[in-house]
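Given the coordinates of chain A, work out where chain B should sit on it, guided by the hints.
Residue numbers (my numbering), protein chains in the order written: chain A, 3 to 427; chain B, 3 to 427.
No lab work stands behind these hints: they were computed from the structure. Take these hints with a grain of salt, some might be off.
If several chains are the same, the list does not tell them apart, and a pair holds so long as it fits within one copy or across any two.
Claimed, not checked - Listed next, the in silico EDC-like pairs over lysine to aspartate or glutamate satisfying Cα-Cα at most 20 Å (straight line):
1. K135 with E423
2. K95 with D12
3. K41 with D70
4. K302 with D57
5. K279 with E151
6. K164 with E275
7. K29 with D165
8. K41 with E78
9. K66 with D48
10. K177 with E132
11. K66 with D234
12. K424 with E390
13. K95 with E26
Protein chains: 2
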Amino acid sequence: MNQYSELTRDERIREYGLLTSEYEKYKGLGLSLDLSRGKPNSTQLDICQGLVEVDMSREECYSKSGFDCRNYGILEGLPEMREFFAEAYGLNKEDIVVGGNSSLQLMHDALMRAVLFGVYGSPRPWCKEERVKWICVTPGYDRHFRITEMLGFEMINVKMLKDGPDMDEVERLVKDPAVKGIWCIPKYSNPSGNTYSDEVVRRLVSMECGAPDFRIMWDNAYAIHDFDEDGDKLANIFELADEYGTRDRIFYVSSTSKVTFPGGGIAFICASENNRKQFLPYFGTQVISYDKINQLRHLKFFGGSVDNLHAHMMRLGAEIKKKFDVALRELDALKGLGIAEWTEPRGGYFISLDTMPGTAKRVFELMKDAGVVLTTVGATFPYGIDPEDRNIRLAPTYPSLEEIELATKILVISVKLAALEKLGI
Amino acid sequence: MNQYSELTRDERIREYGLLTSEYEKYKGLGLSLDLSRGKPNSTQLDICQGLVEVDMSREECYSKSGFDCRNYGILEGLPEMREFFAEAYGLNKEDIVVGGNSSLQLMHDALMRAVLFGVYGSPRPWCKEERVKWICVTPGYDRHFRITEMLGFEMINVKMLKDGPDMDEVERLVKDPAVKGIWCIPKYSNPSGNTYSDEVVRRLVSMECGAPDFRIMWDNAYAIHDFDEDGDKLANIFELADEYGTRDRIFYVSSTSKVTFPGGGIAFICASENNRKQFLPYFGTQVISYDKINQLRHLKFFGGSVDNLHAHMMRLGAEIKKKFDVALRELDALKGLGIAEWTEPRGGYFISLDTMPGTAKRVFELMKDAGVVLTTVGATFPYGIDPEDRNIRLAPTYPSLEEIELATKILVISVKLAALEKLGI
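Chain A extracted, bound-state conformation (with noise of 0.2 Å):
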C-alpha cells in the first residue's frame, strides 16, 4: 500500500470502508480492554513473591551493625540498604537516602519544600520568586506534570527527540533565571521508551543556567529495566556533572515499584553532600524513620547482591518483552503509510505512538467505542493538553499476550480509520 496522503480519494473511501466493516467486527464482540495502566501484571508480581516470604524472625530483623530495625531510627536508611542501591545504580553510597515506598514521594516532597524554603543555593525559597518556570520533556509523566501543576509553576514544553530533549531548546530556554527546573526521565522514558545520549546528558550538566538554584529532576525509574542484556547505556550523570562542578543541580531518585511490588518497595533521593545537608533537617521533621523491616526484606530477597537483582531483572524484562513484542509486531500493519511513528524500546514499560497530527482523540474514542481502554489523549502533556493532538501512549505490560494483540489490532485499524477521516473521505 502507498502513503495514505497519496492515495486517491476514491481509494481513501474504499479503504475506509473495508476499515469500518473489519472495525464493526470487532466492535461486535463487545471486548473490555485497557491499554492505559503502566503497572506489572500478576505474572510479573509472581516472580518478586519471595519479597515477602523472606525469613523475617526475631533474629532476622537486625541490621549488620546490630541495630533492631523493628525499632524508630536510621533515618537515611540502612547503610546496606544504601551500599546496595549505590553499586546497582552505579551512584556514592553516602549520597543515597532510603525513603518510603515512592519516588513520586520523595519528587513531590523536595518540590514542596523548594517553594517553601527553597534548595541549597536558592537566593529565596521558591515561593517568594515572582514567577517559577519549569521545563517539561514531552511527551512525558503525567504524574511529573501534576505535581508542578498542583505548585503553580508554569511549565514549558520542549519536545522528546531520538536522543532525549531537545537541548538547544533547553539551553536557550535556562537562561532564563525564572526556569528552576527539569523533569527527566532519561531511561526508557514515560512514554517514549528511548535513552537520552551521552551528548545529552553532558549538555544538561553543562548548560549554563540563569537561575543559580536550577535543579534536575532526574527520575531513574527504569534504569535497570532492561529487557535483556543488550539494553540502553546511559550515562552517569553524576560523574559528567563533576567534570563541570554541578552535581548540586541534581535530585536523582529512583524505586523498587517496578522491580519488587509498586506501592510495597523502597524509594531513594541521590544527591550532593550540599544538598542533603540542605534537606536532611526537613526529612526528619517530616519523619522520625521509614520502614526498614522494608528494607530488610529487600536486602534479603535478593540476598544482598547485585547479579541477583540483575538476574531477576531479566526475569521480568522478559516477561514484560513477550508483550511489547506482540504489540510492535502488530503495529507493523501501520509501517510505510505515512500516517504514524512509535519507538521501539528495548526496556521500560512504555511504547509512543504518534499519530496523524490532529487524529489522537479521535484514535481515543474509536477504541473506547470498541472496548479498549487507553490513557487519556493529552495526559502525557502539562495541563492535559497535547498541542498536535497525536500521541498516544501504550503500556502493555498488564493486559495478557492475546489482550494485546486484539486491542493493538484494533489499534491500527483507528488509527487508520481516523488518519482517512482526517485526509478526507
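Structure of chain B alone, referenced to chain A:
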C-alpha cells in the same frame, strides 16, 4: 523530712553533703543510661514479632474484594484496614484515609499543604496570611513544635493542666483570626501522661474561633495504649463536634508505631468529608498508593479482630507498666519535699517531672555527669525554651527495669541537689 523550703541553712548544708556523697558514689560507677528515648524496647517488639511472620504467600496478598495488593491502587487504604481502624478507634470508616508508616508525616504534610494551598474553608493559603499563630500545649511533643517552627508559625504556649490545656486561655486566644490551630495529644499526652477531660474536648469543638479554617491537630498517638483495663477514657471528639457542627475543625491522626513496630507500622488520618475532598487530590499528587502489603500484614496479625488488638495492647501495657511502677516508686522519695511534682499516667510512654523552677537544666547536667541521659531540657517547649526551666520528660520504656531503678535513684538525688543549690547552701 520537712519541705526543703522550711529547712534552715545548716540543715540544707548537711543534707547537701549527704546527697553529694551519695551522688559521687553513683558517679563513680561509670554508668551509661538513657531515659530520653520514647521508644519501645526489644521485649515489647518481641511481643509484636508475629507481624512480620504472618503468611504472605501469593494467595494471601489479595484483599477481601480480590484486589492484588502487590500492585498499585487503592490510595485511601484497603477497605478492611479502614474498617479495622474505625472499629478500634471508634471512628467512621469512610472518614479514614490510611497513609504510610508515619502519623508525623501525615501531620507535617497536612500543614505544608495548609501553608501552600489552605485547608477546607480557608479564605486563602496560609502563606498569604500576614501571620499564622499556633497554640502549643506545654509541655508537649518536640516533633510537633519542630513542624510549626519550620513553617514559621508563631507558637503560643498554653499550659497543660490536669484535665488538658488551660481552656480559658485557649478560648481567649482563638478569638484572634491569626490563630489557625492547636497541637493536641489528647490521651496520655506526651510528656505529661494525662488525658483531656470530656469538658475540655467539648470546649475545643464548641469554642468560637476567629479563623474560619481553625484546625485541631488531634494526635491520638496513645489512644489504645492503656497499661491495663483501668485506662483513661477519652471523649469521642467527632461525636461531640457533631453537636456543634464543627467536624471540619478536626484532623485526627494515629498510627501503629507503638502498637507494632515504630517505622514499620501503619498511620492514618481521619477527617470530615469536606476535608477529605479537599486533601485527597493532593494525596494523589504525592503518591500513587501506600504499602498495602503492610496493611494486610497488620490485619492478619490481629486476625482482623479488635479484641485481639486489645489483648495485644494489654500484653504490651503490662510490660510497660512494670517500668513505670519502678520509676514512680523511686520518685516517691521526692514526696513531701515541695521541690517536685510528677504525673502518674495509666498509659502511654512518658512521665512528666516538674522540678523546682529554675533547676531543670541543672538536674540535666548532674544526670549527664553521672552518666544518665535525659531528654534535653526545653525540648518539650516551642523553640526549645522552658520558660520556667522546670520540666523533665522521663521515658521509661526503653531501658531495663534495673537501669530505670538506678537512673531514677540518681534523678531523685539530682533533683534534691539542684533544689538545695537553688535555695542556697
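Here's how the hints hold up against the structure:
Taking the shortest Cα distances, K135 and E423 never come within 20 Å of each other, neither inside one copy (38 Å) nor across copies (61 Å). Taking the shortest alpha-carbon separations for K95 and D12, neither the intra-copy value of 66 Å nor the inter-copy value of 63 Å comes in at or below 20 Å. Proximity of K41 and D70 under a CA criterion of 20 Å is satisfied inter-copy only: 12 Å between copies versus 34 Å inside one chain copy. Taking the shortest Cα distances, K302 and D57 sit within 20 Å of each other both inside one copy (8 Å) and across copies (17 Å).
Taking identical chains as interchangeable, the C-alpha atoms of K279 and E151 lie at most 20 Å apart only when they sit on different chains, with a minimum of 19 Å there against 28 Å within one chain. Neither within a single protomer nor between protomers do K164 and E275 lie at most 20 Å apart by alpha-carbon distance, with minima of 33 Å and 47 Å respectively. Taking identical chains as interchangeable, the C-alpha atoms of K29 and D165 are never at most 20 Å apart, the minima being 38 Å within one chain and 69 Å between chains. In this homomeric assembly, K41 and E78 come within 20 Å of each other (Cα to Cα) only across copies, at 18 Å, whereas the closest approach inside a single copy is 28 Å.
Taking the closest pair of Cα atoms, K66 and D48 come within 20 Å of each other only across two copies (19 Å); inside a single copy the shortest separation is 29 Å, beyond that limit. Taking the closest pair of Cα atoms, K177 and E132 come within 20 Å of each other only inside a single copy of the chain (16 Å); across copies the shortest separation is 34 Å, beyond that limit. For the homomeric pair K66 and D234, neither the shortest alpha-carbon distance inside one copy (34 Å) nor that between copies (41 Å) is at most 20 Å. In the homo-oligomer, the alpha carbons of K424 and E390 lie at most 20 Å apart inside one protomer (13 Å), although the nearest pairing across protomers, at 79 Å, exceeds that limit.
Taking identical chains as interchangeable, the C-alpha atoms of K95 and E26 are never at most 20 Å apart, the minima being 57 Å within one chain and 45 Å between chains.
Of the numbered hints listed earlier, those contradicted by the structure are 1, 2, 6, 7, 11 and 13.
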